[in-house]
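Generate coordinates for the entire structure from the input sequences, incorporating the hints supplied.
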Amino acid sequence: MMMQDQVLKILFIEDMPEDLELAKRKIQSSGITFESYLAETEDEFLRGLYDFKPDIVISDYILPEFDGMRALEITLTYDATVPFLILTGAANEEIITDAMKAGASDYILKERINRLPFAIKEAVKKRDTLLENKQTFDSLRFLSQIIEQSPYSVISTDMEGIITSWNNGAEKIFGYNAREALGQHISIVYLDSDLQMLNDEIISPLITNEQLHKKVRLKRKDGKTFIGSLSLWVVRDRTNRPAGMVGYTLDISKAIKVEEELKIKDQAIECSVDGIALVDRDGRIYYVNKAVLKMWGFDKKEEVLGMRPEDFFDAESNRREILEMAPQHGFKAEMLAKRKDGSTFPIWLSTSIIRNKENEPIAYMSSLIDITERKIAEKAMKKSEELYRLLAENTLDCIWMMDIDLVFTYVNPAIYPMLGFTPEEWIGSRLVDHFEEDDINRMMGYIQMGIEKPADFPGIRFQAEALNKNGEKVPVEIIGKVLTDDSGNPIALHGTTRDITKNVVAEKAMKDSEERLELAMTVAEHGFWDWDLENNEFYFSSISYKMLGYEDNEFPMSLEKWEEIMHPDDRKEIMPKIIGSVKKGDPFNFEIRMSSKSGDWIWIQAKGATFSDNKGNNRAIGTLVDITERKRTEEQMLLARIAAEDANRCKNELLANMNHELRTPLNSVIGYSDVLIDLNIGDLTTEQRKYIQIINNAGYKLLNLINNMLDLAQIESDGMGLRFTSFEPGKIIEKVVDGTRLLARKKRITVNVHVHDEIAEITADVDKFREILYNLVENALKFTPKNGTVSIEAGIRDDDIQVSVTDTGIGIAEKDRERIFDPFVQVDGSNTRRFGGAGLGLVLVKEYLKMQNGTIWVESETDKGSKFTFRIPISPLGRGNDI
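Okay, so the sequence shown: first residue is 0 according to numbering that gives the first Met the number 0, each after it adds one.
Heads up, a few of these hints could be off.
[What the hints assert, rightly or not] Here are the simulated distance ranges between beta carbons: (1) Gly720 x Thr685: 45 to 55 angstroms; (2) Lys25 x Ser192: 15 to 25 angstroms; (3) Pro241 x Asp298: 29 to 39 angstroms; (4) Arg722 x Asp756: 23 to 33 angstroms; (5) Gly487 x Asp281: 23 to 33 angstroms; (6) Pro345 x Gly487: 47 to 57 angstroms; (7) Asn617 x Ala646: 18 to 28 angstroms.
Hints were generated in silico from the structure; no laboratory data involved. In this text, a Cβ means the ideal position worked out from N, Cα and C, and glycines have one as well.
Right under this line is the structure:
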């Protein structure tokens, strides 16, 4: 039971100061006398357990770097009798259950903090009872189990250093299993060089001090070393004599590495020539480096820490800008700073916001650069500009000035006629923007010499190629010199640039023009020739020689040689025309044949014209193009056209003969079979009548095929005309349906007809309309299986009549929908055998529609059916047809 005068030792694990203070007040108000220890991390908690030796632990459930459940596990490992209370704001039944199962004494919600003193008293009371009743054996066994399952290394030895216990955590850290480690000397985890230190600095002091905490070098089974955080304490027997030692080890190599990296970064910031300052959220400076102290004239950091940034600036506007902008966005600006002695100096200030993982601002960092020297240089440069401006604005040479960074700060108006830039465009650009790499490298050598030893560098004169505004090179002469201040320090460069391109550019332009022309002629495979009429000198390009199969300049070209290699017929007919055009000054373009080296005749297109040079001398210049392939193609096309005309004539003769030779016997076959059927001759048997009907049907099919072929031939030869009459489409549709009713009835196909009321009369070729519809309906019935459906719908669309024939037949694959309108095509050869037909019906449909300015299209899905739709004008004038 807790006595009134007992001072209770409470170890708090809490990261919220206000929650900690509230808990302390509640405990004090209940009359409990206590002293406390605060831990926020695992290392702090371990030190608290072993150094502070708490009577009770009160822990928050979740902390940024630690948590209550982990603290509970360590507490039970350290001393299972120490009460452990979890104090948190989370009311989660599952968390409460887990905590209590894990061994927590109680669980208090922060909103019910008034219960905390009672929970403390109850926990202490239970602890006292446990200590009185719990057998030592159970406690040791429980402790042993916890130690064994701990992820941290827990090792015990006797006073001679022989290992007596070795948990799983030790095996993971050092690599030895318990069988390998037990009975070994503890030196197996220490470096040989540290063994004496182990005895002198750890074991010997430990016997006196009971506990020891130290960073030591340790080694694993594989020989690799690491830095460990070692906590040791002495275990005593009942007579209070040292009986052994227990060690708790953590691998802190990564933490030390991070710490070293942070130290390096801190040193880099501390030694930076730029000033660095850190400001907290309350606007107080909590860090500055040496450069800040030097800039503002302070001796110690303590003089600056705690001050506000606005205290370091002179103008009220500067202070207001810092106060308003920095907390929200950070900012960059040139400002006037005030030193400790009251003097002012210009600085460049750049402030940025430091944010935590939740993107919340937690501090501000400012970079400060003293720009006094730059300001002095700018002032000197401005003075220099004033002195030279009058002269510079009126000279024909380009006068310029650059700063030490080789950025142009001034150029006079002469830059515009020279390179095409206005002074405003040039100023602010860099030297490297206006020259290519070779010239820049040469200039940088001169500039470096001038900056390093300005006194020994009176100036330099050299030639280079500047780039004008269009990116073209302009030869220039440059004279340059380094400017210095009163102390001899370089502050700028200035000089003049003169355009020396007048003659060079003219020569280069001519050369470039010739090269471009030669290149273009080569790419196009065009030969080039030049005839100097005054001196009768003839130039023949390499492409011209190659065109005729000769090497370049294999023979000297002349007018006589030209005539020699020309075809005799062309020499006689065309050469006089070429000479005449040259003398008159007229351009010419002739196709001639010239003999190649192999003896073959090459067709050449020769073009030319006469010109006068600047001295008044006349010359003829022209091109040669090999057109042999074109001529060969033209000849083949001519032969093909003649062959096509012959074939067409033969076709027409065949059709004419077929019309006579086939129709005459067919008429007899059809006529006599009709007579036999109609006369109903009694002597004929049923089988004979069947054969006569077959003959009759075959005759009509053959006649229909012949008629279709003749119609198609007439259409192709533009020999078929149109006869426009007015008729009612609905009646034609009824007649077509009646004419195909026998086939529909035979296959038990339902035929649906829907003619919209708005259709009255149209003007078109009624025979062609009937034939179009008949072919579409017959095809639909032919390709629709038994018990299927064929639907016919007609209506008005704009100025057209639109008719659709839809079936539930075999359908047409997408790849075949265009082919079905080609002559003699059926999408599947088997269809010809199954359904019959020659493949001309849809061809004639398309041609009949085309003749009447109509269109047709098909929509189809395989095995589901097809829909053919055609449109023709309701009047032949509807789309501008000629009747």
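How the hints compare with the structure:
1. Look at Gly720 against Thr685: about 46 angstroms separates their beta carbons, and that is inside 45 to 55 angstroms.
2. At about 54 angstroms, the beta-carbon gap between Lys25 and Ser192 misses the expected band of 15 to 25 angstroms.
3. Restraint check, Pro241 to Asp298: a C-beta distance of roughly 53 angstroms breaks the suggested window 29 to 39 angstroms.
4. Checked against the hint of 23 to 33 angstroms, the C-beta distance between Arg722 and Asp756 comes to roughly 28 angstroms, which is consistent with it.
5. Judged by the Cβ atoms, the range 23 to 33 angstroms given for Gly487 and Asp281 is violated: they are separated by roughly 48 angstroms.
6. Evaluation of the 47 to 57 angstroms hint for Pro345 and Gly487 yields a failure: the beta carbon distance comes to about 23 angstroms.
7. Between Asn617 and Ala646 the Cβ separation comes to about 55 angstroms, which falls outside the hinted range of 18 to 28 angstroms.
Comparing the model with each earlier hint shows violations of hints 2, 3, 5, 6, 7; every other hint is respected.
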